[in-house]
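Enquirer: These are the residues of each chain, in order.
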Amino acid sequence: DAKTTQPPSMDCAEGRAANLPCNHSTISGNEYVYWYRQIHSQGPQYIIHGLKNNETNEMASLIITEDRKSSTLILPHATLRDTAVYYCIVRVPRKPYNTDKLIFGTGTRLQVFP
Amino acid sequence: ETGVTQTPRHLVMGMTNKKSLKCEQHLGHNAMYWYKQSAKKPLELMFVYSLEERVENNSVPSRFSPECPNSSHLFLHLHTLQPEDSALYLCASSQDLGLGGELFFGEGSRLTVL
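Protein chains in written order, with our numbering: chain Y, 1 to 114; chain L, 1 to 114.
Hints listed in this document are in silico derivations from the structure and should not be mistaken for laboratory results. Cβ atoms here follow ideal geometry from the backbone N, Cα and C, with glycine treated the same way. There may be inaccurate statements among the hints.
Unchecked claim - Pairwise CB distance ranges, derived in the manner of DEER restraints:
#1 Y:Ile74 to L:Ser72: 31 to 37 Å
#2 Y:His77 to L:Lys22: 37 to 43 Å
#3 Y:Leu80 to L:Ser59: 15 to 21 Å
#4 L:Pro69 to Y:Met10: 27 to 33 Å
#5 L:Thr112 to Y:Thr106: 19 to 25 Å
#6 Y:Glu14 to L:Glu67: 27 to 33 Å
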């Protein structure tokens, strides 16, 4: 079962920052937070991930609270092409094969409007 | 262009047919995955392969049969499917297992079972 909680949908005006929240109150110390997005009829696309510190790359910024129970994905200047479903995922380490299982929830549907 | 190519993109089959989905990755990755995405449901992990060895079979019915002949190719053989198996089937790859990092997804194969 997914271990994250996200709002089902959000709107954002083009050019403004989109702030997508995620709650993961039961996260354990060695679990990472991953963000992916899925544009309609395409496969999911990796955006960013982090453990404790805030992270930034060319696509987005990830802000993780000090207690790690929640995080926010920030798209600094949303465009129409950012309209997608955004998934916040906690990576669950698995044994004995040491596989890391990404469990996708239902995500947040972000609609960017002109 | 993610470096993961899936064919066919669309497939319609009857319940008595046998068909196969193909996935090829050009990224030099060692791990490959099959996911299923049904309408309005989260992605479900089906199978995981690492260096051509299956390391996870997530309680998938035997009418789905995966094959990984080498680290660049992954197949999903389908036979005697049910209408409820209609879904988007996504292939993904990652550099290795157990190291985290991003999954690279293909565009998916949309399957309709009549």
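Enquirer: With 31 to 37 Å as the target window, see if Y:Ile74 and L:Ser72 comply at their CB atoms.
Expert: Distance hint for Y:Ile74, L:Ser72 holds at roughly 36 Å.
Enquirer: Regarding L:Pro69 and Y:Met10, is the given constraint of 27 to 33 Å on their beta-carbon distance met?
Expert: 43 Å, violated
Enquirer: Regarding Y:Glu14 and L:Glu67, is the given constraint of 27 to 33 Å on their beta-carbon distance met?
Expert: 45 Å, violated
Enquirer: The hint says 37 to 43 Å between Y:His77 and L:Lys22; measuring C-beta to C-beta, is that right?
Expert: Cβ of Y:His77 to Cβ of L:Lys22: about 38 Å, so the range 37 to 43 Å holds.
Enquirer: When you take the CB atoms of Y:Leu80 and L:Ser59, is the distance between them in 15 to 21 Å?
Expert: 40 Å, violated
Enquirer: Okay, L:Thr112 versus Y:Thr106 on CB: inside 19 to 25 Å?
Expert: 23 Å, holds
The structure fails hints 3, 4, 6 (numbered hints given earlier, in ascending order).
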